[in-house]
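**Student:** Sequence:
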Amino acid sequence: MKKLCLNLFEEDLAFRFSVHVSTISRLFHEMLDIFYVTRHLIKWPQREKLQSTMPATYRKFFSKFRVIIDCSKGKT
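For the sequence shown, position 69 matches number 69 in UniProt numbering, and the numbering has no gaps at all.
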């Protein structure tokens, strides 16, 4: 998940967790497979419902979007 959230290189993660780069690569691809298999567990509201509850500013600029995922994180 750190690779997805922070966009870290596999070499960086391998160093941080004291494992081989191939281990990071394998785990990352295994997680992608899990995300793909479990994707049906996420229930998205109907487009009309989303449009009716979306703030006007978002509708103006992102009218065709169904979801906006914020992956930013401030310093703690």
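There's no promise every hint is true.
When the alpha-carbon atoms are kept at most 25 Å apart in a straight line, the in silico DSS-like pairs for lysine-lysine are as follows [what the hints assert, rightly or not]:
1) 60 with 49
2) 49 with 64
3) 64 with 43
Here are the simulated distance ranges between beta carbons [unchecked claim]:
4) 34 with 61: 31 to 39 Å
5) 23 with 59: 43 to 51 Å
6) 69 with 16: 42 to 50 Å
7) 15 with 48: 44 to 52 Å
8) 49 with 28: 28 to 36 Å
9) 32 with 68: 18 to 26 Å
10) 52 with 29: 32 to 40 Å
11) 16 with 53: 38 to 46 Å
12) 67 with 15: 30 to 38 Å
13) 18 with 55: 41 to 49 Å
14) 48 with 8: 47 to 55 Å
Derived by calculation from the structure, the hints in this document are not laboratory data. Yeah, the Cβ is synthetic: ideal placement off N, Cα and C, and Gly gets one too.
**Student:** With reference to the structure, classify each hint as holding or not holding.
**Tutor:** Results of checking the hints against the structure:
Pair hint residue 60 plus residue 49 holds up; C-alpha atoms about 16 Å apart against a cutoff of 25 Å. Of the supplied pair hints, the one linking residue 49 and residue 64 holds, its CA atoms being roughly 13 Å apart against a limit of 25 Å. The suggested pairing of residue 64 with residue 43 holds, with an alpha-carbon distance near 18 Å, which does not exceed 25 Å. Against the hinted window of 31 to 39 Å, the Cβ-Cβ separation of residue 34 and residue 61 comes to about 33 Å, which satisfies the hint.
Taken as a hint, the range 43 to 51 Å holds for the pair residue 23 and residue 59, whose Cβ atoms sit roughly 45 Å apart. The hinted window of 42 to 50 Å between residue 69 and residue 16 is violated, with their beta carbons roughly 24 Å apart. Checking the proposed 44 to 52 Å range against residue 15 and residue 48 shows it holds: the Cβ atoms sit about 48 Å from each other. The hinted window of 28 to 36 Å between residue 49 and residue 28 holds, with their beta carbons roughly 34 Å apart.
Remark: the range hint 18 to 26 Å for residue 32 to residue 68 is upheld by a beta-carbon distance near 21 Å. A hinted range of 32 to 40 Å for the beta carbons of residue 52 and residue 29 is consistent with their spacing of about 39 Å. A hinted range of 38 to 46 Å for the beta carbons of residue 16 and residue 53 is consistent with their spacing of about 40 Å. Restraint check, residue 67 to residue 15: a C-beta distance of roughly 33 Å satisfies the suggested window 30 to 38 Å.
Evaluation of the 41 to 49 Å hint for residue 18 and residue 55 yields a pass: the beta carbon distance comes to about 45 Å. Checked against the hint of 47 to 55 Å, the pair residue 48 and residue 8 fails, with Cβ atoms roughly 38 Å apart.
Taken one by one, the earlier hints fail for this structure at numbers 6 and 14, listed in ascending order.
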